[in-house]
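Protein chains: 2
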Amino acid sequence: MSLIQPTQIPFDDTRLATARAELLPALRAFLPEDAILARQEEVSPYECDGLSAYRQLPLLVVLPRTVEEVQRILRLCHEREVPVVARGAGTGLSGGALPLCDGIVLSLARFNRILDLNPDARTARVQPGVRNLAITEAASAHGLYYAPDPSSQIACTIGGNVAENSGGVHCLKYGLTVHNVLAVTVVTMAGELVELGSAALDSAGYDLLALYIGSEGMLGVTVEVTVKLMPVPERAQALLAAYDDVEKAGRAVGDIIAAGVIPAGLEMMDGPAIQAAEAFVHAGYPTDAAAILICELDGTNQEVSEQVMRVRELLLASGATEVRTSKDDAERLRFWKGRKAAFPAVGRLSPDYYCMDGTIPRRALPEVLRRTAELSEEYGLRVANVFHAGDGNLHPLILFDANRPGELERTEELGGRLLELCVEVGGTITGEHGVGIEKINQMCVQFSPEELRQFHAVKAAFDSKGLLNPGKGIPTPRRCSEYRQLPDRQHAHSH
Amino acid sequence: MSLIQPTQIPFDDTRLATARAELLPALRAFLPEDAILARQEEVSPYECDGLSAYRQLPLLVVLPRTVEEVQRILRLCHEREVPVVARGAGTGLSGGALPLCDGIVLSLARFNRILDLNPDARTARVQPGVRNLAITEAASAHGLYYAPDPSSQIACTIGGNVAENSGGVHCLKYGLTVHNVLAVTVVTMAGELVELGSAALDSAGYDLLALYIGSEGMLGVTVEVTVKLMPVPERAQALLAAYDDVEKAGRAVGDIIAAGVIPAGLEMMDGPAIQAAEAFVHAGYPTDAAAILICELDGTNQEVSEQVMRVRELLLASGATEVRTSKDDAERLRFWKGRKAAFPAVGRLSPDYYCMDGTIPRRALPEVLRRTAELSEEYGLRVANVFHAGDGNLHPLILFDANRPGELERTEELGGRLLELCVEVGGTITGEHGVGIEKINQMCVQFSPEELRQFHAVKAAFDSKGLLNPGKGIPTPRRCSEYRQLPDRQHAHSH
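So the sequences go chain by chain: A and B. To convert a position in the first sequence, counted from 1, into the working numbering, add 2. To convert a position in the second sequence, counted from 1, into the working numbering, add 2.
What the hints contain is simulated information worked out from the structure, not anything from laboratory work. Please note that a few of the clues may not be correct.
Since the list gives no way to pick one copy over another, a pair counts as held whenever it fits inside one copy or between any two copies.
[Stated by the list, open to error] Computed cross-link-like contacts, DSSO-like style, restricted to lysine-lysine with a CA-CA straight-line distance of at most 27 Å:
| # | residue 1 | residue 2 |
| --- | --- | --- |
| 1 | Lys230 | Lys175 |
| 2 | Lys339 | Lys250 |
| 3 | Lys250 | Lys230 |
Take these sequences, add in the hints, and give me the full structure.
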């Protein structure tokens, strides 16, 4: 990860102004005037995504309405070798939609229609700019919903979810985006239309759908997505357990899974996160606890009753100091209230915070929590932990003050060490936020030169000129050899 | 699919004998004598896999013992442009391991060790030549098992399962190979060693693991596999329901899934299959039924009790004429006995049979069963249906007599129409047996020229010279344009 913004190139740089003037007439030949943004004040809303530490104004922004327009834009850019960054709602947290000064931003905002919703087949065919929650809203009339629920689900779009392979609170039971998407229609950088996946269980040929999902806008531009819908469970109930020790809570997570229970959500917050959330939304959390677990169970009435009893026993046996069971939906939602507000709540504690995202094998949870505390002490920076414990997907929040000299750099270094700790215990440097620009250096730690070369070869099979979202996701060999030689990287581990 | 074997090239063809004589000294430079088979009688056991209608003697067979030997073999073949076909147990049903006359067969038979079994992490690290069932046998001491269970699980190897993305009776609940493998170590055709996947939930970079699984030996040679292990469920119970109408049974499958029950297995057999199985193994099946469903439920005692009651109600409501519930494990295994013996049982009915493998969206089951019966009548060939109903994975068995003039050709044509019917209703031409050489023409029906081009580009990203298992899996554009022009293909549908 990197918090230190490289130099921005000004919008009116002469070379860029010339490139802009050359590209505009070609775009105007097939796009209506309102589909092209070319003035600085028009393109400035696109200068960053959710990783707002990084900003860059793009050459131009285009807002096509049809698949054919997307094809023509990409063919033109392919021919003229203009880089393209596709963008959904811009809620991504790793800078995947950060513009390039000499590239266009292709916004899918106008691809916002639900094309078909089939309650019998339990599928929805939607355009990529449809918001995640809008699918569930449309499906709810049929007692169905779309399972992956990233925190940003009110705003983020399904096209962005496909790019990032987004998860959410429910992905422990219901899977990531890749488990809930049946097919995507994609325009390649050369302007060709291909369909990946199908409505059936398995697909002939290479599994390009799985390859494409999570590819961070580097292999193609999504123009249609077919998603699976799930029946809304008959009942959902949540338990909240308090612990006087973070490691005990970490072990309880393993105990629940080992017992064969698959909760709909299994989330953990540590002391600093609990206190921040409680002060912010007054969810009734035990503020003296070192950690809390929130475990939601869903299914039929009888299943849920049985599982609530079992999980309650397991939580008590694991050393919980208190276990509450939600009596009704209002109480269940109160248990979640603090968790859902945790990021902004922690944001109130400190002038700045940095949200990390790594994944570890579940069994390594107690060890990683202990070593996170040690690193926090070593760097003199507070770390609040809020995460999808059931999946081993960590979201440590580093609290810092960018105005204190050196604190930004220390935060960046601590973040890097936390990610490398994930790799060391057999995990990965991303959970659900992607690599983007943020974690591109850590890719050099996780992958060997041969593996990175294989990634680049696959990229070239889709985008021979390397024009789709260049500089994101997969580092060049040169970048990695430079990174590996940095003096402060003696602590790094290679797998 | 194609049952008509192309001309075999004789082993002692002069050109091949020369090529063999040139390659042998180079292999002997780093392989022990017992790792090279070069005489006709030695290589003849490798002339076919489970699709025995196709046979071809390879140039040579090599049986390496170490990863380094595999790397050196592949580097040598890469340099000299010798095609390579990797082979596990040779139980594949689509000819994926069919040798090439001018290529070597690389057998992984000596990679047969379980390297590590970690009951806490519930993973096993195994060599590719380990048999599927051997993993479960080793894990059973810890109350664990490996979930995917293809019919050939006594013999087939995990490396072959990775190549074919194998399923089995339990894949409805526990997924295909891709859902049960965490990581693979692969040697590329250029001899490079890469690791795909990791022990964590999600992986940074493109999902090359999902791309690789099911790639039918065309992207690399697997030298190590890390699999997930599952806890053996507390209890398993099965129901057997009889129907007087095949379509009713098809609809019952949809009803069970719609009720939110996920059976461990949900299998269907039609009249001809029931009668054949009963005559063969005396499982006590109702021989006057038009179809039977076998539904297995597993989990905790209480879960299973509840689900058995619900499924029983659903089966009765769907019009079952009889529903039996297994009273003990002996009865449960008796229910399965006929299903597991169905293929050889049907084989007794007719001199020859041809096992198809296609997948359809579950809701299309009643329609496809009806149209299969119509096509069976049209072609005057009996079709027995035995399949993984819960997944929509069909295995129609066409009964024929190759000695009757024209019957082989009619069988082949009917098989092609059945696969194209799968594509027409939104399904695919494979379920779990792969494309191999068998269904390469049907790939032209399922995919557009742009999509096939994309497959070839991905192949080239792993194997730039096209030396790994050439001629399998993905048809060349030329093959497709020839196939599309065949006079008997007016009935074909393109998606």
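Here is how each hint holds up against the structure:
| no. | hint | result |
| --- | --- | --- |
| 1 | Lys230 with Lys175 | both (14 Å within a copy, 16 Å between copies) |
| 2 | Lys339 with Lys250 | within (23 Å within a copy, 47 Å between copies) |
| 3 | Lys250 with Lys230 | between (37 Å within a copy, 25 Å between copies) |
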